[in-house]
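*Asks:* Chain by chain, the residues:
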Amino acid sequence: MTSQTSQALRINKVQLSLLEELTNANGVSGDESEVREIIRKKVAPFADEIKVDAMGNLLVIKHAQTPGAMRVMVDAHMDEVGFMIVDQDGDGLFEFVQVGGGDERQFISKAVVVGRQKLPGVIGYKPIHLTEKKERDQRISMESLRIDLGPAGKDQAKRGDFVAYATRFRCSGDTIFAKALDDRLGCATLIELLKTVPQNIEFLASFSTQEEIGLRGAKVAAYDFEPQVVIAVDSTPAYDFSRPDGSENTQYNCKLRGGPAIYLADRGTLSDPRLVRFITNVAEEKKIPYQYRQPGGGGTNAGALHLTRGGIPAVSISIPGRYAHSAVMIASVSDWQNTLQLLHDALANLSPAVLEEERP
Amino acid sequence: MENIIPFLLSLISEPGLSGFEEPVRRKIADQWTPLVDELSVSPLGSLHGLRKAASSDPSPSLMIATHMDAIGLMAKLIEDGLIYITKIGGVDPRILPGQQVTVHGKRDLPGIVQMLPDRLLDEDQKGKAPAFERLFVDTGLEHKDLIKLVRPGDLISFAQTPIELNGKHIAGHSLDNRASVAALTVCLEEIRNFNLAWNVLAVATTREEISLGGAKTSAYGLRPDLAIVVDVTFAKGPGTNDYRTFPLGGGPSIGTGSDNHPALTREFISLAEEMDMPHDIEAMPENSGTDGMVLPVTANGIPTVVLGLPLRYMHTSVEMAAINDIERIGRLLARFITQLKTDSMTTLFEEENV
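Chain order of the listed sequences is A and B.
The C-terminal residue of the first sequence carries number 375 in the numbering used here, and the numbering is unbroken.
The C-terminal residue of the second sequence carries number 359 in the numbering used here, and the numbering is unbroken.
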């Protein structure tokens with residue numbers, strides 16, 4: 016493989032503060048505008064073309080400097096899971112439902128913000144003093160939960176208002192604590208790539224909407240781009256815990272601090288084996304830690320993107336994260352840095368020759 | 006009265022779990038220093054603030070007890086990079102997944118409470134209600150680094166930052182019972198420029214959530230003639246609407262029965278009526294579940310009354326209190342204090358003893 020001399024990329028204060036801004040912003044699926052505006056400002060100095068399509072995807076092009084360069088699309092989704100207000104109970108209490116997947120056991124005793132006005136609220140629960148022992152052995156049902164804006168919040172929120180967790184970003188050593196790392200880590204990675212990627216490719220960056228409710232933005236994002244290759248950059252769960260009975264954990268999916276997780280197969284996509292081989296070779300050659308995500312369920316926007324038009328060879332690369340779809344996720348700065356480096360080096364070395372190789 | 010909100014926000018930004026109240030005790034002591042004549046700390050850690058009576062003759066004394074300790078968690082076992090936990094005080098494990106905490110190890114570490122994903126559990130364990138045996142704190146540290154910093158027994162406190170709602174309500178952890186500490190502080194400010202007939206003992210008690218041990222020992226040491234307990238009570242809210250609950254922002258509840266001396270209950274109801282202050286009567290058929298359980302039966306007995314401050318979501322990290330309830334209790338306490346006379350021990354109880 017011919018190798019571009021690679022630039023060592025670092026996650027420093029600048030990148031962390033970018034991620035802080037992105038994760039503290041709210042962008043529940045279908046309401047991504049706050050995140051989109053932040054990204055638009057960040058990428059403007061590096062972009063040749065920027066547009067927002069009918070689904071709200073932010074599509075950014077950085078042209079190649081060489082004619083006939085490969086058209087490469089890299090996607091990260093802007094949206095996060097959250098809630099929507101559906102009814103009012105009076106006294107500042109509001110009924111709500113989920114937007115995107117979540118486990119209701121994670122919703123209780125949390126601070127949230129409601130609507131574009133960002134009204135602060137909480138999801139509380141009945142005091143332990145007023146519960147029976149046998150009740151405490153049962154899961155709390157979604158129907159019993161309310162978002163509470165305080166009695167003065169009566170009539171302040173309205174049906175259809177989106178609700179996000181109020182979690183603030185925090186970084187301690189190598190550990191990042193934040194909401195929506197799925198997939199603002201991907202967004203931040205794409206922004207960094209737009210700043211640093213060598214112009215040997217036609218770089219087509221898509222910051223897409225509504226991934227969490229069915230890969231909906233991605234269904235159209237690749238149409239106008241007409242890429243030759245697509246890479247989805249997402250967050251994938253690290254379930255790398257000991258099992259309670261001490262038996263081997265064979266379903267860890269990926270490991271925190273195990274490096275970028277390269278997808279082979281998930282519910283929606285069989286990764287193009289030539290792309291997997293190419294990216295693996297780059298990682299080996301550049302001595303970048305990586306791991307294969309365990310094949311199995313779950314999925315990324317690649318599931319929609321690779322089926323666009325006549326089909327597009329695709330692969331996903333994810334940053335490991337714990338506790339996806341909860342109020343606070345955990346991710347590792349070093350995993351992020353290694354993912355950024357691997358993507359950068361892969362893009363810098365990507366050429367049509369990769370797809371001319373024989374399929375296995 | 007100056008705005009109590011900043012002080013309250015600072016109180017609920019501190020840890021101070023039962024028996025380990027130093028961080029919050031320091032904050033309270035700073036606030037009370039200009040408001041009292043003497044400050045001291047009891048052998049078990051209660052903070053005593055004394056506002057002296059004007060007369061140099063021996064005067065009767067009133068103790069007002071507000072506990073300052075908070076519920077929380079403690080490290081039980083450290084295994085494979087995770088901290089398994091137990092509770093300090095009454096904690097429903099179902100409120101814990103996704104909870105931000107601070108682990109007080111060799112240094113303070115951020116962490117979150119979580120549970121294993123269903124996919125790693127046996128079929129019959131999947132989807133269950135969170136239980137302490139299956140909950141842990143994840144600091145993101147690798148095991149080898151974690152064990153250098155955290156040991157079993159280390160405290161873990163809620164790290165939820167305070168939330169201001171519309172400027173009228175506050176949410177956060179430990180409003181039980183720091184909201185009452187704030188109410189007592191309002192009272193101390195209200196009586197600041199009054200000459201008092203009685204000594205007033207403002208007490209921020211320790212260990213209420215575990216043993217009521219702070220109130221019991223402070224009352225023994227101080228031997229007040231009367232005692233008032235201010236603690237949170239249940240506000241009406243989702244799933245919480247029976248006779249034990251009161252409207253949030255609807256004024257204090259005044260206890261009747263068990264821990265409450267009938268003469269004091271009657272006195273407080275008539276004071277609230279005089280002041281046109283909204284209030285409720287809280288039926289406490291057997292006990293108040295507060296420091297009020299020990300005060301009346303300390304030494305040779307101390308007539309006591311329990312005032313309740315309505316609180317939603319008690320013992321979660323997003324407890325919610327109304328600022329106007331806090332101010333009302335402060336004013337009600339101040340009214341009671343300023344109308345006390347040297348012979349009140351007789352007059353208050355005359356009717357009762359007829």
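There could be a bad hint or two in this list.
[To be verified] Okay, the calculated bits of chain B under chain A, using three or more residues with CB under 8 Å as the criterion:
1) 183-193
2) 345-355
[Unchecked claim] Taking lysine-lysine and the DSSO-like style, the derived pairs with C-alpha atoms no more than 27 Å apart in a straight line are:
3) A:173 x B:173
4) B:241 x A:133
5) B:81 x B:153
6) B:173 x B:92
7) A:270 x B:57
8) B:57 x B:131
9) B:149 x A:148
10) B:81 x A:133
11) B:149 x A:302
12) A:149 x B:32
13) A:149 x B:92
14) A:77 x A:270
15) A:270 x A:301
16) B:111 x B:173
17) B:81 x A:148
18) A:57 x A:270
19) A:148 x B:133
20) B:81 x B:57
21) A:77 x A:28
22) B:111 x B:32
23) A:149 x A:210
24) A:169 x B:153
25) A:270 x A:28
26) A:148 x B:92
27) B:32 x A:148
Hints listed in this document are in silico derivations from the structure and should not be mistaken for laboratory results.
Beta carbons are placed, not taken as given, at the ideal position from N, Cα and C, and that holds for glycine.
*Asks:* Take a quick look at whether residue 32 of chain B and residue 148 of chain A sit within 27 Å of each other, Cα to Cα.
*Replies:* At roughly 36 Å apart (the allowed maximum being 27 Å), residue 148 of chain A and residue 32 of chain B break the hint.
*Asks:* CA of residue 270 of chain A to CA of residue 57 of chain B, is that 27 Å or under?
*Replies:* Violated: residue 270 of chain A and residue 57 of chain B sit about 63 Å apart, past 27 Å.
*Asks:* Checking one constraint from the list: CA of residue 270 of chain A to CA of residue 301 of chain A, max 27 Å. Satisfied?
*Replies:* Holds. Residue 270 of chain A to residue 301 of chain A sits at ~20 Å (cutoff 27 Å).
*Asks:* CA of residue 148 of chain A to CA of residue 92 of chain B, is that 27 Å or under?
*Replies:* At roughly 16 Å apart (the allowed maximum being 27 Å), residue 92 of chain B and residue 148 of chain A satisfy the hint.
*Asks:* What's the verdict on residue 81 of chain B and residue 57 of chain B, does the C-alpha distance respect the 27 Å limit or exceed it?
*Replies:* Violated, at roughly 45 Å.
*Asks:* Can the restraint linking residue 81 of chain B and residue 153 of chain B be considered satisfied, given a maximum Cα separation of 27 Å?
*Replies:* Answer holds: residue 81 of chain B to residue 153 of chain B is near 15 Å, not above 27 Å.
*Asks:* Can the restraint linking residue 169 of chain A and residue 153 of chain B be considered satisfied, given a maximum Cα separation of 27 Å?
*Replies:* violated (49 Å)
*Asks:* Keeping to a limit of 27 Å between CA atoms, is the pair of residue 77 of chain A and residue 270 of chain A held or broken?
*Replies:* violated (33 Å)
*Asks:* Has the region 183-193 of chain B got at least three residues whose CB is nearer than 8 Å to a CB belonging to chain A?
*Replies:* Not satisfied, violated; 0 residues make the cut.
*Asks:* Given the hint that residue 149 of chain A pairs with residue 32 of chain B, test it: the Cα-Cα distance must not exceed 27 Å.
*Replies:* Not OK: residue 149 of chain A and residue 32 of chain B at ~39 Å, beyond 27 Å, violated.
*Asks:* Holds or violated: residue 149 of chain A and residue 92 of chain B, Cα atoms, limit 27 Å.
*Replies:* Distance of about 19 Å is within 27 Å: holds.
*Asks:* Would the hint linking residue 270 of chain A and residue 28 of chain A be met if the CA-CA limit is 27 Å?
*Replies:* With a Cα-Cα distance of about 25 Å, the restraint between residue 270 of chain A and residue 28 of chain A holds, given a limit of 27 Å.
Violated hints, in rising order: 1, 2, 6, 7, 8, 9, 10, 12, 14, 16, 18, 20, 23, 24 and 27; the structure is consistent with all others.
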